[in-house]
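Asks: The opening position of the sequence shown corresponds to residue 1 in UniProt numbering, with each subsequent residue numbered one higher.
The hints are simulated quantities; they were obtained by calculation from the structure and are not laboratory data. Wrong hints could be hidden among the right ones.
Simulated restraints, written as ranges between beta carbons of each label pair [as the list claims (entries may be wrong)]:
| # | residue 1 | residue 2 | range |
| --- | --- | --- | --- |
| 1 | Val8 | Glu36 | 16 to 24 Å |
| 2 | Ser37 | Glu16 | 26 to 34 Å |
| 3 | Gly49 | Ala29 | 12 to 20 Å |
Under the rule of at most 20 Å between Cα atoms (straight-line distance), these lysine to aspartate or glutamate pairs were calculated in the EDC-like manner [stated by the list, open to error]:
| # | residue 1 | residue 2 |
| --- | --- | --- |
| 4 | Lys31 | Glu16 |
| 5 | Lys2 | Glu20 |
| 6 | Lys3 | Glu16 |
| 7 | Lys3 | Glu36 |
| 8 | Lys33 | Glu20 |
| 9 | Lys2 | Glu36 |
| 10 | Lys31 | Glu20 |
| 11 | Lys33 | Glu14 |
| 12 | Lys2 | Glu16 |
| 13 | Lys3 | Glu14 |
| 14 | Lys33 | Glu16 |
| 15 | Lys2 | Glu14 |
| 16 | Lys3 | Glu20 |
| 17 | Lys31 | Glu14 |
Note that CB positions come from ideal geometry on N, CA and C, so glycine has one too.
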Amino acid sequence: MKKWVCTVCGYVYEGEQAPEKCPQCGVPASKFKLQESEGMAWACEHEVGVAQG
């Protein structure tokens, strides 16, 4: 099963496709990215402008 991460709040969703909207913060599916690896990763990666509409 794939893991999708919300780039705004960090919520992790497990499924074949990203959810229509984040259940945690409400942003659309376009703000989710597929988690590439199962290894260790930084909890927060700085992405400038991620919270803008």
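Asks: Against this structure, judge whether each hint is valid.
Replies: Now the hints, each set against the structure:
no. : hint                        : in the structure
1   : Val8 <-> Glu36: 16 to 24 Å  : 18 Å, holds
2   : Ser37 <-> Glu16: 26 to 34 Å : 18 Å, violated
3   : Gly49 <-> Ala29: 12 to 20 Å : 18 Å, holds
4   : Lys31 <-> Glu16             : 16 Å, holds
5   : Lys2 <-> Glu20              : 15 Å, holds
6   : Lys3 <-> Glu16              : 8 Å, holds
7   : Lys3 <-> Glu36              : 8 Å, holds
8   : Lys33 <-> Glu20             : 13 Å, holds
9   : Lys2 <-> Glu36              : 9 Å, holds
10  : Lys31 <-> Glu20             : 10 Å, holds
11  : Lys33 <-> Glu14             : 12 Å, holds
12  : Lys2 <-> Glu16              : 6 Å, holds
13  : Lys3 <-> Glu14              : 5 Å, holds
14  : Lys33 <-> Glu16             : 12 Å, holds
15  : Lys2 <-> Glu14              : 6 Å, holds
16  : Lys3 <-> Glu20              : 14 Å, holds
17  : Lys31 <-> Glu14             : 15 Å, holds
Going down the numbered hints, you'll see the structure goes against just number 2.
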